[in-house]
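Asker: Next come the chains, spelled out residue by residue.
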Amino acid sequence: VRCDRVRDRLSATAAGEATLDPEELLHVQRCLRCQAELAQHRRVQTSMRSIRRSAVEPGSGMLGSVLAGLEREPSPPRGRPAIAGLVGLAAAAVAGALGVAVIASRARRPLGAHGQLG
Amino acid sequence: VASRRGYAAGVHGTPQRIESHHGGPCRSAATGEESIRLLVLAAREGDRPAFDRLVELTHRDTYTLALRLTGNREDAADITQEVYLRAYRNLGSFRGDARFTTWLYRITANCASTHMRRWRRHRHDPLADDDLVIDLRCDGDPEGNAAAADLRSRLAIAIEELPPKLRAVVVLRDVYELSHEAVAEELGISSNAARVRLHRARSRLRAQLFPDLAEVSSREV
Chain B
247 VRCDRVRDRL SATAAGEATL DPEELLHVQR CLRCQAELAQ HRRVQTSMRS
297 IRRSAVEPGS GMLGSVLAGL EREPSPPRGR PAIAGLVGLA AAAVAGALGV
347 AVIASRARRP LGAHGQLG
Chain H
-11 VASRRGYAAG VHGTPQRIES HHGGPCRSAA TGEESIRLLV LAAREGDRPA
39 FDRLVELTHR DTYTLALRLT GNREDAADIT QEVYLRAYRN LGSFRGDARF
89 TTWLYRITAN CASTHMRRWR RHRHDPLADD DLVIDLRCDG DPEGNAAAAD
139 LRSRLAIAIE ELPPKLRAVV VLRDVYELSH EAVAEELGIS SNAARVRLHR
189 ARSRLRAQLF PDLAEVSSRE V
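Residue numbers (this note's numbering), protein chains in the order written: chain B, 247 to 364; chain H, -11 to 209.
These are computed hints drawn from the structure, not numbers from a lab.
Careful, some of the hints might be misleading.
Stated by the list, open to error - Example chain B residues on the side facing chain H (calculated, C-beta under 10 Å, incomplete):
(1) Leu256
(2) Ala261
(3) Asp267
Unchecked claim - Chain H stretches covered by chain B per the calculated footprint, using a threshold of three residues with CB under 8 Å from any CB of chain B:
(4) 63 to 77
(5) 90 to 104
To be verified - Going by beta-carbon spacing under 7 Å, a handful of chain H positions derived as facing chain B:
(6) Arg48
(7) Tyr51
(8) Leu154
Ideal Cβ placement from N, Cα and C applies to all residues, glycine included.
Chain B extracted, bound-state conformation (with noise of 0.2 Å):
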């Protein structure tokens, strides 16, 4: 196995989406050079995270600024608890059994004149 195979594999190894198969691995415990590799995504992944903890403080008209924008905005619908989205549920499901019946009920319906259904 060569650093070059598992070169690519090692960012992802390293964000734990991926891991090595048994001779990437076995490579990577005998080269310095990937095993450094490696560490260093480690060690870039670590400092992504953190970074999502640092805030950069907008300007001060800012919040104003998108508060206002809001208050000409009128009230949304509001959030359907999810009882109300069962009640729908079944009403359509009653619905669709409504509809199979009257088929059913059409299909059942002696044959007219013509040898058409009526």
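Given the coordinates of chain B, work out where chain H should sit on it, guided by the hints.
Answerer: Positioned in the frame of chain B, the structure of chain H alone reads:
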């Protein structure tokens, strides 16, 4: 219905606000998340002050993400405005199976992507010295913190210098921990394209931060 006065302290407040509510810089993330969850519930029931409070608590995060994605303060402010309008209009569709902040990140990513495509602007303002960066980490290991801070600072610069397409993917995936699928969906690219860009971005960042290994050739072991 919750009242403004009853709302708990937020996610990313100013240092002064943090001191006044919590007596120190180390805040309970769980408390912040629970506060936000309650505010979202109230806002979904039509409590407008609750939504305003959500904006107050999250706007620094939203602005910061927008700035990291666009590299431009004016664009970031425009995007932040748009994010909250969209969030307000679509609050009823927020199911609560993800964190509200994650939902906001996705809206921000989508708005930033749309914004950048629309204007085709590549304006880029590096973080100025007078930009106030609020550090919310707890202190415990001064030497380790100094080294970590140095790496973080260099990483922030390296991220800013990435091409916008690579920057967006790596910021959303590695800094804000959105899934590959969410990143791809909000940026309007395939999941495979997102993975390729992510790999390129990570490789560039590592090579820039640790250039010593770049000259070492590949070998078989």
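Asker: Please write out, lowest number first, the hints stated earlier that are contradicted by the structure.
Answerer: 3, 5 and 8
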